[in-house]
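S.K.: Sequence:
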Amino acid sequence: MTPDDLRAAVAACVTGLSSVADQDWSRPAAGLDWTCLHTAEHLADDLLYYATSLAARATEQLKVWGKIEEGATNAQVIEVIRATGELFAVIGDAAPPSARAFHPAGLTDPAGYLAIGVGEALLHSHDICAAFGARLEPPADVCRAMLARLMPHVTEGGDPWRVLLWATGRGDLPGKERVSEWRWRIPVQD
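First residue of the sequence shown: 1, per UniProt numbering; consecutive thereafter.
A few of these clues could be false.
Here are the computed lysine to any residue pairs in the SDA-like style, where the Cα-Cα straight-line distance is at most 20 Å [stated by the list, open to error]:
(1) Lys63 / Pro28
(2) Lys63 / His42
(3) Lys67 / Val14
(4) Lys67 / Pro96
(5) Lys63 / His103
(6) Lys176 / Val154
(7) Lys67 / Asp93
(8) Lys176 / Arg162
(9) Lys63 / Val14
(10) Lys63 / Asp33
(11) Lys63 / Gly106
(12) Lys63 / Pro104
(13) Lys67 / His42
(14) Lys63 / Thr73
(15) Lys67 / Leu87
(16) Lys67 / Gly106
Here are the computed distance ranges between Cβ atoms for each label pair [unchecked claim]:
(17) Leu107 / Asp22: 20 to 28 Å
(18) Glu177 / Pro152: 16 to 24 Å
(19) Trp34 / Arg135: 15 to 23 Å
Calculated from the structure, these hints are not laboratory results.
For each residue, glycine too, the CB sits at the ideal point set by N, CA and C.
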């Protein structure tokens with residue numbers, strides 16, 4: 001995946017999250033034990049962690065944690081997500097394809113790390129939006145590319161966003177059992 005794929009995903013997230021910015025984010029995010037605010041903070045932290053890991057070419061887990069200041073408005077939290085997404089995309093722009101960085105799921109290349117960023121951004125933004133009955137509308141091509149990279153075993157056709165939600169236990173597909181366990185597959189692709 002590319003930095004522009006991440007930018008497109010984050011733009012969709014910002015649009016979706018902005019549609020619920022006037023809501024009370026202390027309620028639980030859909031399907032999670034976390035509040036919407038904690039989920040948004042986790043998302044911003046993920047993007048920061050991925051950016052720093054790729055920039056450092058980390059060989060082990062970095063001890064970095066992004067925390068949203070107490071009292072931040074939902075709109076300010078959304079801006080932090082936008083900014084950390086862009087920071088990660090800029091790092092991705094600068095990283096050569098030969099770069100490798102540690103992720104708890106395994107060592108990966110820039111395209112793999114960007115795919116993880118896309119997945120985390122889309123899924124956690126969905127979790128927040130769904131808590132308020134709002135829908136996230138990510139680009140189909142970005143969802144399709146992310147599935148191909150991180151979940152190549154998922155071969156179901158149809159709307160790639162619905163397939164991604166199903167493959168991560170967040171939705172149903174007709175004729176398919178609900179997924180209860182899943183994980184990213186981030187092998188380096190040559």
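S.K.: Hint by hint, say whether it matches the structure.
M.R.: Checked hints:
no., hint, verdict
1, Lys63 / Pro28, "violated (27 Å)"
2, Lys63 / His42, "holds (15 Å)"
3, Lys67 / Val14, "holds (18 Å)"
4, Lys67 / Pro96, "violated (29 Å)"
5, Lys63 / His103, "holds (12 Å)"
6, Lys176 / Val154, "holds (12 Å)"
7, Lys67 / Asp93, "violated (25 Å)"
8, Lys176 / Arg162, "holds (12 Å)"
9, Lys63 / Val14, "violated (27 Å)"
10, Lys63 / Asp33, "violated (24 Å)"
11, Lys63 / Gly106, "holds (17 Å)"
12, Lys63 / Pro104, "holds (13 Å)"
13, Lys67 / His42, "holds (8 Å)"
14, Lys63 / Thr73, "violated (26 Å)"
15, Lys67 / Leu87, "holds (16 Å)"
16, Lys67 / Gly106, "violated (25 Å)"
17, Leu107 / Asp22: 20 to 28 Å, "violated (42 Å)"
18, Glu177 / Pro152: 16 to 24 Å, "holds (20 Å)"
19, Trp34 / Arg135: 15 to 23 Å, "holds (20 Å)"
The structure is inconsistent with the numbered hints 1, 4, 7, 9, 10, 14, 16, 17, although it conforms to all the rest.
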